[in-house]
Structure formats: C-alpha cells, structure tokens
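Sequences and hints are given; from them, build the entire structure.
Chains as they are written, first to last, in the working numbering: chain A, 1 to 332; chain B, 333 to 664; chain C, 665 to 996; chain D, 997 to 1328; chain E, 1329 to 1660; chain F, 1661 to 1992.
Honestly, the hints are just simulated from the structure, not real lab data.
Treat the hints loosely; a few may be bogus.
Chain F side only, calculated, beta carbon under 8 Å to chain C, not exhaustive [to be verified]:
id, residue
1, Tyr1920
2, Val1926
3, Leu1981
The calculated DSBU-like cross-link candidates involving lysine-lysine, where the alpha carbons are at most 35 Å apart (straight line), are [what the hints assert, rightly or not]:
id, chain 1, residue 1, chain 2, residue 2
4, D, Lys1255, E, Lys1419
5, C, Lys725, B, Lys444
6, F, Lys1824, A, Lys61
7, A, Lys105, A, Lys168
8, E, Lys1433, E, Lys1398
9, A, Lys168, C, Lys984
10, B, Lys423, B, Lys549
11, E, Lys1419, B, Lys423
12, F, Lys1911, F, Lys1827
13, C, Lys755, D, Lys1087
Using C-beta positions, here's what the derived DEER-type ranges look like [as the list claims (entries may be wrong)]:
id, chain 1, residue 1, chain 2, residue 2, range
14, E, Asp1615, A, Ser48, 25 to 33 Å
15, E, Arg1399, A, Gln178, 41 to 49 Å
16, C, Thr783, D, Tyr1161, 41 to 49 Å
17, B, Asp619, E, Ser1642, 51 to 59 Å
18, D, Ala1112, E, Pro1498, 56 to 64 Å
19, B, Thr451, C, Ala914, 50 to 58 Å
20, C, Glu983, A, Asp316, 43 to 51 Å
By construction, the Cβ of each residue, glycine as well, lies at the ideal position given by its N, Cα and C atoms.
There are 6 protein chains.
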Amino acid sequence: MVRIKPLGCERFFQSSTVEATFGGGEANVAVSLANFGMNVAYVTVLPSNDIANAGIAEMRKFNVDTSFIKRDSGRMGIYFLESGANQRASKVVYDRAGSSIALAKPGDIDWKTVFAGATWFHVTGITPAISASAAELSIESARIAQQMGLTVSCDFNYRGNLWKYGKKAPEVMTELVQYVDVGIANEEDCQKSLGVTADVQVERGHLDVDQYRTLSKRVMEAFPKMKLIAITLRESKSADHNGWSACLCAKDSFYVSRKYDITDIVDRVGGGDAFAAGLIFGLLNYDQNERALEFAVAASCLKHSISGDFNRVSVDEVEKLMGGDTSGRVQR
Amino acid sequence: MVRIKPLGCERFFQSSTVEATFGGGEANVAVSLANFGMNVAYVTVLPSNDIANAGIAEMRKFNVDTSFIKRDSGRMGIYFLESGANQRASKVVYDRAGSSIALAKPGDIDWKTVFAGATWFHVTGITPAISASAAELSIESARIAQQMGLTVSCDFNYRGNLWKYGKKAPEVMTELVQYVDVGIANEEDCQKSLGVTADVQVERGHLDVDQYRTLSKRVMEAFPKMKLIAITLRESKSADHNGWSACLCAKDSFYVSRKYDITDIVDRVGGGDAFAAGLIFGLLNYDQNERALEFAVAASCLKHSISGDFNRVSVDEVEKLMGGDTSGRVQR
Amino acid sequence: MVRIKPLGCERFFQSSTVEATFGGGEANVAVSLANFGMNVAYVTVLPSNDIANAGIAEMRKFNVDTSFIKRDSGRMGIYFLESGANQRASKVVYDRAGSSIALAKPGDIDWKTVFAGATWFHVTGITPAISASAAELSIESARIAQQMGLTVSCDFNYRGNLWKYGKKAPEVMTELVQYVDVGIANEEDCQKSLGVTADVQVERGHLDVDQYRTLSKRVMEAFPKMKLIAITLRESKSADHNGWSACLCAKDSFYVSRKYDITDIVDRVGGGDAFAAGLIFGLLNYDQNERALEFAVAASCLKHSISGDFNRVSVDEVEKLMGGDTSGRVQR
Amino acid sequence: MVRIKPLGCERFFQSSTVEATFGGGEANVAVSLANFGMNVAYVTVLPSNDIANAGIAEMRKFNVDTSFIKRDSGRMGIYFLESGANQRASKVVYDRAGSSIALAKPGDIDWKTVFAGATWFHVTGITPAISASAAELSIESARIAQQMGLTVSCDFNYRGNLWKYGKKAPEVMTELVQYVDVGIANEEDCQKSLGVTADVQVERGHLDVDQYRTLSKRVMEAFPKMKLIAITLRESKSADHNGWSACLCAKDSFYVSRKYDITDIVDRVGGGDAFAAGLIFGLLNYDQNERALEFAVAASCLKHSISGDFNRVSVDEVEKLMGGDTSGRVQR
Amino acid sequence: MVRIKPLGCERFFQSSTVEATFGGGEANVAVSLANFGMNVAYVTVLPSNDIANAGIAEMRKFNVDTSFIKRDSGRMGIYFLESGANQRASKVVYDRAGSSIALAKPGDIDWKTVFAGATWFHVTGITPAISASAAELSIESARIAQQMGLTVSCDFNYRGNLWKYGKKAPEVMTELVQYVDVGIANEEDCQKSLGVTADVQVERGHLDVDQYRTLSKRVMEAFPKMKLIAITLRESKSADHNGWSACLCAKDSFYVSRKYDITDIVDRVGGGDAFAAGLIFGLLNYDQNERALEFAVAASCLKHSISGDFNRVSVDEVEKLMGGDTSGRVQR
Amino acid sequence: MVRIKPLGCERFFQSSTVEATFGGGEANVAVSLANFGMNVAYVTVLPSNDIANAGIAEMRKFNVDTSFIKRDSGRMGIYFLESGANQRASKVVYDRAGSSIALAKPGDIDWKTVFAGATWFHVTGITPAISASAAELSIESARIAQQMGLTVSCDFNYRGNLWKYGKKAPEVMTELVQYVDVGIANEEDCQKSLGVTADVQVERGHLDVDQYRTLSKRVMEAFPKMKLIAITLRESKSADHNGWSACLCAKDSFYVSRKYDITDIVDRVGGGDAFAAGLIFGLLNYDQNERALEFAVAASCLKHSISGDFNRVSVDEVEKLMGGDTSGRVQR
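The following block contains the structure:
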C-alpha cells in the first residue's frame, strides 16, 4: 500500500511536497520481523505496474521474501495520512476500493505452496474489512494455515473507515478468529472487531488494567482454540504524548508489561504492527511469555520514534530498551 | 485528479519525496481560461473527503467557479507521472478506476442549471474513456449543451491506457463528437479517437503539414456540425526538445501557425490543454481565427516552461510571445 | 503580508531554503472565519505586482472575498519569522515600512460600499502601529462601521517593534477603541495598547485570573460602548510548551475558559487571530457567550498544532475538542 | 540585498518553499574578486538587524572585507526572482524602496578612510537608480575615488523597474560616468543609461559587432576620461540558451572576444557582475587587455552554470576555459 | 561506496542539503544487470557499520545477491560529486583511503566459493587503483575466475585522482588484463590504463573512429587472450551535451554503433558502467555481437537521463530505444 | 569535520536527502566564542581539497580566524549522526581514520607563532583519541601553551568509539591534563578519560550533586596545576528531554548552577562545546566564577534549541536567559 503524507505536521495538501512511502499492517509486521533477523515472506496480491514494483523492491530491501506475491488486476491500495500534533488528531483517508487485494478471492493464492515449510502465519482484520471476497480469502488462509499446523496469529485491527461492503466486523471476524492461536488487539479492537465487551473506555487517557484482564478472558472463552491474547494499552494524552504498555493473557496467566511514557511521538502509525511483530519474535525466541511481551512493548515503543510505517530497529536496540535504558544518551 | 510525481527526473519512487498537485484535462483548461480572465466554472463529480476538498480549493485559488461540482460516492482519481529526459520518455500510470467521475452516470448532474447563462462548453475524450457510464454522461452533457445553444468544443485526447471497459474509442467518440462545434486534437487523436485516418506518422520527429490538412478535412466531413478543427503538431525530438505548432481548419480556410522550438522542456503535460484553453480564449476574444490559433500555440508553448498541469501564464505574457519576442530576456 | 521563515527551528538564514507563505493579523482572522463557513471579505491596500497577486490568490483559495482589496502604490509588507524552541524565543523582524497599507490614508477605501450588507467589522491594533496615515484610516474605518450599525471588534495586538512613527500606542488606540463593541486582547495588550493597568506580570509563566477580571472591568469602564472584552491567557512555560485559556467579561458576567496544556507547539503565530475568529464565530452562532468563549479557545488551541499563520481547522474539529476529546487518537 | 527565488522554474509562490540567498551588483563583483584571490572590501549601508547580519556573514565567508559597511536606519533591500525557461523570460520584482542604501546620502560614508590604500573602486548604475540621495552618494564616491587616484570602474547596469524617483537615468549617469576610467555595459546599457545611441537592437537574438564598435567609440568621446569600455554581447535565443561574448574598446584598439554558446543556463543573474569582476581581475593581473577581456568573458560564461548571484569559480577554472577546454568532461 | 552530491548544479557545500546515495563501478554494473533480470552477486569488502548496512540493503532492493560481501575492518569508501553544467565540468573528490576494500588483500575472499556455478566475472580498473593490496586482490580474482572457466570482463576505468600508492596504472593493469576475455574502455582508458596508444585526442569534442579501430587492434594484440574489446566514444560538447556511441572489436570484425545525441544530460556518472552491464547482458542474450553493442549503447544512453549512479532501466526500455524510438513521447 | 545527518529523526539512509554541515569539538568552541564577539583562531590540519575549503569558509563566516590552519596530506574527517527521539538514542558513526589531523604529528604546527599574542588555548580529548601522533601533537600544544603563559583549558570529551590505536584514554589524557588550568568534563568524562572515579551513575536520569563535588576535588588533587574544573550534569530523561546544569569547583569553592529543563531538544550535539565556550567567555568577561558558570550553562542550554554543531546565539540572548526569562515568548 502506498502511503502519502504531507511533510511534518502539515495538513493535507498544505504544500505540494509530500512523502510517498510504503506500508500497511501485514507488510509492517513482515519488515519488522525481517529486521529482527527472521525469515519472512510477505504474501498479497498486487497489480503489475511500476508503483507495485517499487513497493515490492522496498520490502526486498528489508530482506522480506516477496516471491509469493501474486500480480493480478486491480490497483495499488493507497492511504493518505495527516500527522496530528497536540490536541489535533492524526487523520487517515483510505483509498483502497478496487485494489488488487480487494478484488482477490478464495482460490487466487496457492496457500499450500506458500505455507510449505513455514511455522507461523500472521493475518490481520484489515484485509477482511476491504471487500467480501478479501474477507473470504482471509478466512481461507487462516483455515488452511491451521490445518497445516502453523501457528496462526491475528491482529484484529478494527478500522471504522473500512467495513463498507455490507457486513459488520464481528460477523466476519468471529469466523476468522476461530482459527487463531494468538490474538492481538488494541484497547478497542476486541469490542469493535469481535463484539466482545467489557467496561473499557478509551478516550479517557488512562486505562484500567483489570478491565483488560476481564476482556481478555472473555475473548479466550469465546474462541477456545486461542492460546494467547495480547492487548496493547495506549493512553492517548495527546497526539504527541502517549503512555504505552500491553498485557498478555494465557489460559492460566496474565501479565502486564512495563509502561513507557512517549512524550514526543515521531510517528505512531505502525505501532500496533511493531507490537505484533515483536510478540511473534518474542514467542519464537524466548522461553518466557512475559519476556516476549516485554520485547513486543519495547519494540513498538521504539517504533514511535521512527518515521514511516516500518519499524527500523534491531533486536539489540529493543533488548537495550528492555534492559531499562530509556535515557536516549548519544551513542558515540 | 491528484497528480503524484517524483521530483525532477527521478523514476517512480526513486526517493520518498514527491510532488502532489492537482490536474487533469478539463481542470487544466478551466484554470488556464481563468488565468486569462474569463469566467469559468468547472463541473465534475468528486468524493466528500479532504483530498477532494483540497483539489477544489486549489481551483478556487485560480478563480475557477467550483460551485457546480457534485460530491458523491467513489474515490478521487489519481495519476502518477514520471518525467522523462532525453531519449527516455515520460510515463503515466493512471489510477482512475472507481473514481467518482467513473461512477457518475447520466442524470447525476443538472446540466440545465449548469449551462444557464453560459456560452461555451468544453469536454474531452478522457472522461468517456474511464467507464461506460461516464461516457454516457459525457454524451448527455454535449447533447444538452448543443440544444441550449452553447458552443461545444471537444479535445479528443486519446489515452491508450484508459479505454478498458469494453468499447473502443471510436465507438463512443463518434457519438459524442456529433454535437461538437470545435474539435481539438493532437497529431494522433483523429486517427485513434475517431478512426479517421490519413498517412500521418508521429514517431518520426518531423511532420508533414499537408497530411494534416487532409486529415482535418476528413474529420469535418465526417462530423458536419463541426465548424472548426485545430490540430497540435508536436515534433518529438526528445523528451526535452519538441517542435510545437498547430493548424486550424475551417470550412474554407486552413492556417498553419508559427512553430516554436522548445529545447529545455520543464513539463509538457497539460500542453494540449493549454492549447485548447488558448484556442477558446482566442476564438472568443479575437476577430480572426488565425490570431486565435497563434494565441493558442503561444500559450501552450509557454506551458512547456511551467511545472505542474496548470498553465500559469497571463494574456500579456502570451501576447508578448505572439508578438515575436522569444528571447527570454530577464524582465527587470 | 509575506511571511519568510527558515525551515524547522533554524535561525535566520541558517540555510538558504526557507518557507514563504502569507499571513498577518486581519488576513488570519478572515481565513479562519472562512474555514468556519462564514462569508468574509478581506479589505486592505496592496501593490499591483506578482507578489501581491499571489497573496490574494492564497486567500481566495480559502473562500475569502478579495474583491474589495485596493491596489495602489507602495510595496508588499513582509515579516521574517524565526521559530524558537525550548528556552529560545521565536523572533520576528518586521519589514513593513513603505508598504501599501502604510501609505494608505483616510479616503482611500470606500467604506460605505465595503460595509453595505455586512454585519460585523474586525480591526486590529497592528495597522495603526505602522504609520500615522494608516492609524487614521483605521479609526475612520471603525467610526464608519459603527455608524452603519456593524458590530465592531478589535484585537488590540500590541507590537513593540512597530509604533515607530512618533506616537505611542495608547494615544492612537484609545481613539480607535471608543468605536469598538468587542475588545480582544492578550495578557499584555490592555496595558501596552490602552494604558489600562492592573497588577499583571506575563513573564512568570502562570497567571492570576483575578487580576484579569479587574483589568477587564477597568477597560470596559474606560470605553463605555464596549459590550464585551475577551483576554487570552497564555502561560509561556517555554517556546514549545504553553498553557492556553481565556476569559470573557461582559457588563454583568465573567467567564474563564477551560485551559489547554499545549506541550509540543508547532507554530504559535496566529494563535491570537485564531482566537479572535473563533470568538466572532461563536458570538454569531451560539446563544451563550460562554460557549462562544470555549469555541474561541479550542479553535486557537488547535492553531498551535498547524504551521503557517492560517488556522486550517473546521467547525467540526473545534467542536470535537470543545466536547472534551483531547486524546489526539488517530481517526481511521 | 536578499534574493527570494522560487525553486527551479516555478513561478512566484507556486509553492511555499523558496530559496533565500544574498546578492546584488556590487556584492556580486566583490565576491567574485575575492574568489579570484584579490583583497576586496564591500562598502554599503545596511540596517542593524538579523537579516543584514546574515548577509554580511555570507560575504565574509567568501573572504570579502565587510568592516566598512555602515549600519544605519532603513530596511534591507530585497528582490524577488522568478527563473524563466525556454520562451518564458525570467522576472524580477524589486523591493528596494526604503532600504538603508536608498536612505543613504552624501557624507554618510567616510570615503577617505575607505579608499586609503586602495587602488580600484567599482560602482554601478543600480545604486543611483534607487533614490536621489543614493545617486548623490554614488557620484560623491566616484569623485573622491578619482581624486585619490583610484582607478574607477562603473557598470552602467540599466534597470527600468527602478529609476522611479523623478530623474531619468542619463541625467544622473552622465554626471557619475565623468569620473569613470573603465566603463562596463551590456548590449543596451549605453543607450538607456547614458543616452548614447547606435543602431543596436537587442531583441533579435543575434548581434552586429560593428555597431558595438561605433557605440563604444561614441561613449568614449562623450566621456573623455574614460580609457576603456567593455560591452557584453548577449544573444538571447531563449531563457536557457544564450550566446555570450564581449568587446573591449580602448582609444586605439577594439577587441572582440571568443563567443560561448551556453545551451542550458542554470542562472544568468549575476552574469554581468561576473564579467565586471573578471575584467577588473584581468586588467590588474594580465599585461594584455585582450587577455583581460577573455578572462572576463570566460569567468562570466561559467557564472551561467552556477545558481545564485555569486560566481563561485576560481582563477584556475576560468583559465582552463580560456585555454579552450569547453568539453565539460568529468574531473576525476 | 557512498556518493555525496550537492542538489542540482550547486557547487560543493553551496547549501547544506545534499544527496547521499550509493554507487561505484562494480556496484553499478551489478545493479544494472539485476535490473535486466540477470542473477547477479556483488562481491566486495565492507565495514560492519550502519553505513555499510544501508548500502547493502540498497543493492538488495535491486535484487542483487549480497551474501558474498565480506565484512571487515576499515571504513566505507566515499566520493563527493559536484554536477557540472555547460562549460563547467563535473568534479569528483575521492575519499577512499583506508576503506575496507583498500585494506583487503589476496586470500581475504574465498573466490572458489564465490565463483562456484557462475559463468561471468566482471572486474574494473578502479579497485587496483586504490591500494597495492587491492590491486593484488583484483589480479587474484581474475586469475582464479579464468582458471574456473568464467568469462572475465574488465572495464579499464582509468582514474587519475586515484593511483597514489606508488605504482603507475599500466604496471598493474597489464598484469590484470592478461586474464580478461572482454575488455571495456572509454576513449582514454586504453592509453592511460594500459599504455597502449594511438593518435586519439579526447578534448576535441568529436572523434575519429578509425583511430579507435587501430587502438582496439593494438590492445588485442597486446593481450592475446582477449576476444573482444568495446570502447565507448563520448563526444563532450559540454557538461550537458554529449554525443554517445561505441565500437566493438573482435578478432575479425569491428562494429561502430548508432550515435545518440544527448542534449540535456541528467547525470552522466555511471554511464560507462551502464555500458559494461549492457554489453555483458547483450553478449549473454543475443546471438550477434553487433546487437549486444547496440543494446549496451542504448542502455548507457538512457543512463544519462537518470539521476544517481545506478541505471534504473528495463530491457523493454532499452530495446524500445534500440528499435529507433528516440522521440521521448509520453507513454499514457 | 563534515557532519552527515539524515533529515529530522530519520535513521541512517532512510531517505537519500541528508544534511551536510561542519562541526567538531574544537571548531564548535571557536565558533561559539566568535559569536560572543571574541577574537578566536581555529588551528588544525586539513587536506587541500574543495571539501576542506568549504569547511574553512564556513568558519570564516562566523568570524573565526582560519589563517593558521595547516593544509597537508590525509582526508577530511567525517562523522555520521542519526538523531534519536524519545527512548531511541542518537547514534554517531565516526569516520576519522586517515584524516589529516590523524596523520599530524608533533612539529607539524609552529605553536610559537600560533600562540604569539594569545591569552587562552583550548584543547579537547577528542584529538588525542584519533591517533598516537595526534595525541603527541595535542600534548605538545598544551605544553607549549603553558610555557608561553596562556591559560589552557581542556574538555576531556571521552569518546568510546575512538581510542582504537592501542592506548587507553587515561594513559594519554593524564599526561595532557597536567598542563591544564581549566578542566571541563561531562558527567562521565572524569572517570573514563582520567580514570578518576566516584560513585557516579549516569544512566539513572537524575544526578547526585554531592558525588560530583567529591569527583571534582579528586581530579584537582590529581592534577595540581588545575585551578578550576567544571562538570556538566545532564539528566537524560529521554533523547528529547534532558535536565541540564553544571557545577564549578575551584580550590576553595564549589558552585552548582541553576538547572534547566529542556523538553523538546532540537539538537544536543555540541552542547558540551557550547558549555566550554560559554565558560571561557564567562571567565574572561565576568568577575565572578559563579556568573561565568551560569553563562556557560545558559549558553549551552540554548544550544539544545539549535540544529547543527554550532551554537548560533549571542551574548544578549544568553544573558536574557541567565536573567531568568525562560518563557520563550515571541519577540515582536
């Protein structure tokens, strides 16, 4: 997906020079995992034009395997991002109608070939929000992944500006999430994507962790195959200043991470994807779930200091932050 | 329509900083006429989002009346432009599928209100290339304009990368052009848009004016209501260096304009639109067709020195060039 | 007025690339009101050159009626702005001597035509600071506006770097303000523009609201026609971090607004103008003065997040902030 | 003088990012001579503000002695430059009214101190065009320089957009030029600045050298103290493409230089100043006037490849071009 | 190698914003071949720091296999490039002393592993110019490649600003070139790199093809294993305007290619590398040497229209130009 | 030294546009003192190329005397800087191997000439960290300065990424510091540069002033000629947010300065150099050491608001901050 963003904090088209980069939920997770040294392939459907070629080259730069990407009809999805500041919120204008992935349908991708030899599959709630056929394709992918024994993770990723094709998010997502081993959500996704509710209010700026414990439990009860659910807890004090932490719930445990105070956010888009990638990395590389959670929170904390969708940080940098050094002292 | 262009002569996404401006055939003609001091309204269908709002504001900046623009479903059309140099051609990637104007259909615009008090209506062959319903809407507009006594001009504007919805250009354009008083074409449009042929070869770099006389006559025979046809004659020596002239054919006259040698083209996109606007201005403001033609050629010659789709020149500047001053001496 | 500003936080001419935009007290108020959907005309005197033409086009982009602007001799005013950070203050170098408005004098503008059909006239204390004739022109405008029954508002806007032509601000401003219905001031304007004092100290960083109540009452006593006076209360903690609130005093009431903590100011220039526009909008569109005040404070709070003089926000955005959502959460 | 210029070939305020650099006739000559290794002082009057400070620092960077610059009232002069292309001419909007140098008058500068130890004084016809007092100051400077035995050179530099204070150029310039040893002119200056005519037409694009011989002789007859006059001969084929040569006339000789074909002009503003500096350098450093002329033409030819007013080239680079290497081959 | 270049035609450090990209002879050839769809690996020695990591990622973006790059001590080589215009030549300041490749020595790279399965090895005369040990490493690489049956090509690439370590180019290059099957040179390399002379003068701007035939034959006689030698023929009319062609000499044939007139060069650095890559591609993919030569010339002609060292063109684009379409007409 | 920095908070080579400026410890001190109006000469060894020429010109712009700079073999040192944000630290990649100063050795500079007429010499611990010969040169310089009666100040400036040539910092620095009258350090330099320890932990984010008193005393005991030692106390709360103060220890006094809270750091590189320059200025211009310390802390506090290595502030601006005005209110 192309991301078009005015420079700095300018409003849309305030000047004619803009940033054009690439991003999107699944791509962001793939790049982040590749940055952590994992073998990752990104699977999607893209058109055969120079714009899509450039997007693919960009992912290859980060060492993501792009050989499974299918080229087909349709257009390249776009989103326009305006960066907020202080009390003014960031704004996203989606332009994904008619994109190749929106036109894709079950059967278009040979999942058996894609999944051969893989151990983990990550899917998000954004693709199912674009079109009915993309929703079916997403469900197909998760179903086959589970059948083939991959661990399936899903970031529920509720997007109110999508979901325009006639179905409500929970109608689709509850079907998808039944194949999911590891659920990932932000503070409002469980309610809006899955329809599972607890007394959680996200506009307040501070968060009640107990409510999230309750919410997590309810989701796991509703989806019995789910082994873990992680929820990021963003305290939105202003567009520049967030508190950032997360909780991780298993059948018999509930961890709340360290909380980071991020006072001068550079770019918070992709923060949730950085968390998802960090969690996948952590679960695959650490013995303890708690440590995986801390890695995920630290990785995504650092994402807030990096412009663009992609989280350009290394395992060393994340582990340094996990180790408690939040001083930002110059390394020289 | 949003125009996304890499800086300078960079290839698509060679760097992440790009220009985002607005343009498109009909908009370019409207802005150019407004710059010449004419009262102009721009009529189209656009979505209700910040991107379209910005495009409308940009046209208002040039004094174009935007009050007839209809806001409806669909997306904002986009085109990606890569600027060529020397032997490397410029490239356009259209991204117009699903745009509001592509979804528009006859009846969506109240042409009687729009045309009330107007004397001239300009339409192009680009809109009919986008979708079947847009083609019908275009034909409707020209038919009603003619019925209401407006002079109807049409730039045939053949675009091979559009025309994907099942009809060939001549099938649609011959129907539209029957309502046209003033036809405008480039060196290949008559053949590709209308199917009217003469022995014209455009890749050669130099042009045989006699062939264009023959071609013009044939078009006027095929469309008996057409009173005038103007054809721009571009000699493409390289992406930076073009010869630029035009001819104008009436029932009983045929003029060939002065030819300009443009050796360091800044931006040739919108050159044809600048010509169309110049011709409309000239026909409305000068007594002689020949002078109208010279104004149109001079105006569009100047367009090649201006970046962006819009021709940011004044009547004074065009008339200075018509007067023969091609010296480019500093004015101070 | 042209505004020349180094990029980011660079000092004057630290690099050769700068921003050139348009702004100025009255223009900022006009654009802000137009953004709120009001019918606004901007009246001034400008030279007949390309620089002034560009400034007029920019205002038209925002839907401001520019047809009353008089073109005359003189130059286009300029101001150079250097953006501060932390403990380093922003700096303004005015370059307004000899500008068209500085040369303008009573009789140059046909106020009766300008005011025909209008209901509100806004004037500032900046124009009277530029030259003796501009001061007389300002007084003339307010006098005629009052005679014709318009509501007259005035932002006192003390500027120590202007006022060079021999008179002190209070000598002129007390004459102007006698025609004013709605006075607008910042925390030091009443003292420096009008010579009305109270024990107010603005360098302290925090503010004593009671002093402002006293000060407001004294101003209203000194200018008996004044029905309302609003004072913005800026707590300058650093160049990036301000507290922002205001009070509104009528004959029989005194409101203090909600206070916003603005921790990462993008551009505070134009904040007072955004307040003035918000107050005018609020007084014209809400029943309660208190709500008008809250609208004005929220609108101007948002201005601090927007680069350039103009406040590019909509009524919806202001009302969302008035409603208490300061979270800056991404809208998607 | 501040120079404000849109990027590339953009028209005024086409976008909000612009270049702000320093320049102006006399400053350009000073910088150019300093680049050639000469000891140069730049003498002018500037205001005491950050803008002027930055201009002075920029000249010091090039090793120009700025210690004689007087700081006084008034503003910093500005000019706005729009770069042309092809048939579209570059445009200059002067904004020099009220500048410190415009306010300066005879007696303001202690010329005896300034000239102590100096051997050459260069003055231009731009300063006398700004105001009556600046004209008197210019005449004073040339008179004293001559009295003190300095060689006085003067670039006539006619600027039609200045000369607004009531006198015509020849009225003033003929008085100034009587003190001049070395006159420097472009193809139209003699006629417009001094009123000395020959049948020279500059809009034609090609030049008749014989006419310039006649013209040179007439100027030298009119000003008997003048020992040399050099005239640059610009063939303006387009804004990007000029022929460039010059002639040098002494009592008993007339040389015409080599002609350079400059096909892709980067920035021609300052070309004449680069010629003047080159001529002064050449006359001071070479035995033969002809070689001085060739140095001046080569130096100013190179200026057309350099952005900004200042000619950033070394003696080595000029001499390499004089030696006949116009190949532009990469040096590596 | 990092390439630091001022923007546009600015001189070194004229402003503080510069371009930082990656390039260098061998890297450019590798990227070009990858763009043509070939399997290419780039082998070099680089330090282990973020700067080198970024360079490697950039090459991976173009699908170049970077897995054989050895990370070792030393620094990342840099070159500073200033782009000329008209009569002003481009300038290169090398900063390669102490780079990892300069410190590398025979034995550092396991060539047997690198060459396993490969069919072609390309080496240049730049690496041997950096240090004695790098020269030995280069000779080692060519020797082993030949032993293992790879076709060895070498671009002689004389760089006068390198070769500082005590040996003259021919001393080293004649040893290296004895292992070369395909020699590649520009108009002066044979003389300066190999010491093989003919009466060739490169500063003249036009070229005598017969001399190049003689020169080619002499080189092939001197190096009997060489099967082909290609020489690019650059006519340097100015920094912006070059004629571009080449000749190819085999034992029993001599072809001269079509000549391209490149009038508005965007960036000529890397033109020779683009030729080398085009020749390798052509020799591997076409039956006729003549066609390989034409491909190489067309590919490198297009390079002159592309900024940066890398030749970002596809086989389709090159073949379109080979087919004779030099019109640069917009593709839309 | 050239400083190459990505724009804003981008990571290394995230985009191809970067900032290239000049800086380095000793240069920063020189520029800062020149900005305060002091006569300053900068002495170093640089190569004879365009890059070094540009650096010298930049210093001359600030009025630094560059006439003692020796031009010799070697390269221009470079450092790459990546600006951190929030929890992500800034990163420096040094590229100084083989630089002219690294190659310089005792005897290369004629210190007697340099020091003639001077009263103060400032040296840092960075030069001795580059090479053994540079270390010896540094020691030589300090020794001769002391012999000639100059006050010698030294910023210990420990840089872990340098010191690669075989000696540990304390081995060299203890020899250098024996000639030092005024020692300057940051919170870790005394320990790492001199090996003098106290229980100081710098990663904590808050500081215990008593430990610094102890540490200062120990340093002064170890180096009996030292009359004063100043230590900056940086509380690193994040990359954007630091507390900033300092202490100054003499034989019989110990002052702790006011502390500034810097919440939106623009560029902290050069903060220590700004402190050193401020301290030198203060000790030379104020009677009281305490006031010198406050000047140094205020000057360096302001540096954090300025991009680039150089502290572009005036004495007036520093004294205004010393006077307690931290409000950052716009000056207009």
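Going through the hints against the structure:
1. Given the 8 Å rule on beta carbons, the hint for F/Tyr1920 holds: about 6 Å separates it from the nearest Cβ of chain C.
2. Interface restraint check: F/Val1926 against chain C, minimum CB-CB distance 5 Å, threshold 8 Å, status holds.
3. Using the Cβ-Cβ criterion of 8 Å, the hint placing F/Leu1981 at the interface with chain C is satisfied: the shortest such distance is roughly 6 Å.
4. Distance check on the hinted pair: D/Lys1255 and E/Lys1419 sit about 24 Å apart at the alpha-carbon level, within 35 Å; holds.
5. Taking the CA atoms of C/Lys725 and B/Lys444, the gap is near 27 Å; set against the 35 Å cutoff, the hint holds.
6. Between F/Lys1824 and A/Lys61, the direct Cα distance comes to roughly 32 Å. Compliance with the 35 Å bound is thereby established for this hinted pair.
7. With a C-alpha separation of about 19 Å, the suggested pair A/Lys105 and A/Lys168 falls inside the 35 Å cut-off, and the hint holds.
8. For a cut-off of 35 Å, the pair hint linking E/Lys1433 to E/Lys1398 stands: about 12 Å separates their Cα positions.
9. This hinted pair checks out: A/Lys168 and C/Lys984 have alpha carbons roughly 26 Å apart, not beyond 35 Å.
10. With a C-alpha separation of about 32 Å, the suggested pair B/Lys423 and B/Lys549 falls inside the 35 Å cut-off, and the hint holds.
11. About 31 Å separates the Cα atoms of E/Lys1419 and B/Lys423, which keeps this hinted pair within 35 Å; it holds.
12. Proposed proximity of F/Lys1911 and F/Lys1827 is supported: the alpha carbons are some 31 Å apart, at most 35 Å.
13. Distance check on the hinted pair: C/Lys755 and D/Lys1087 sit about 31 Å apart at the alpha-carbon level, within 35 Å; holds.
14. A hinted range of 25 to 33 Å for the beta carbons of E/Asp1615 and A/Ser48 is consistent with their spacing of about 29 Å.
15. Checked against the hint of 41 to 49 Å, the pair E/Arg1399 and A/Gln178 passes, with Cβ atoms roughly 47 Å apart.
16. Range check, C/Thr783 to D/Tyr1161: about 45 Å between beta-carbon atoms, so the 41 to 49 Å window is met.
17. B/Asp619 and E/Ser1642 have their C-beta atoms about 52 Å apart, which keeps the hinted 51 to 59 Å range intact.
18. The hinted window of 56 to 64 Å between D/Ala1112 and E/Pro1498 holds, with their beta carbons roughly 59 Å apart.
19. Between B/Thr451 and C/Ala914 the C-beta distance comes to about 54 Å, which sits within the given range of 50 to 58 Å.
20. Separated by about 47 Å at the C-beta atoms, C/Glu983 and A/Asp316 satisfy the suggested range of 43 to 51 Å.
Checked against the numbered hints listed earlier, the structure breaks none of them; every hint is satisfied.
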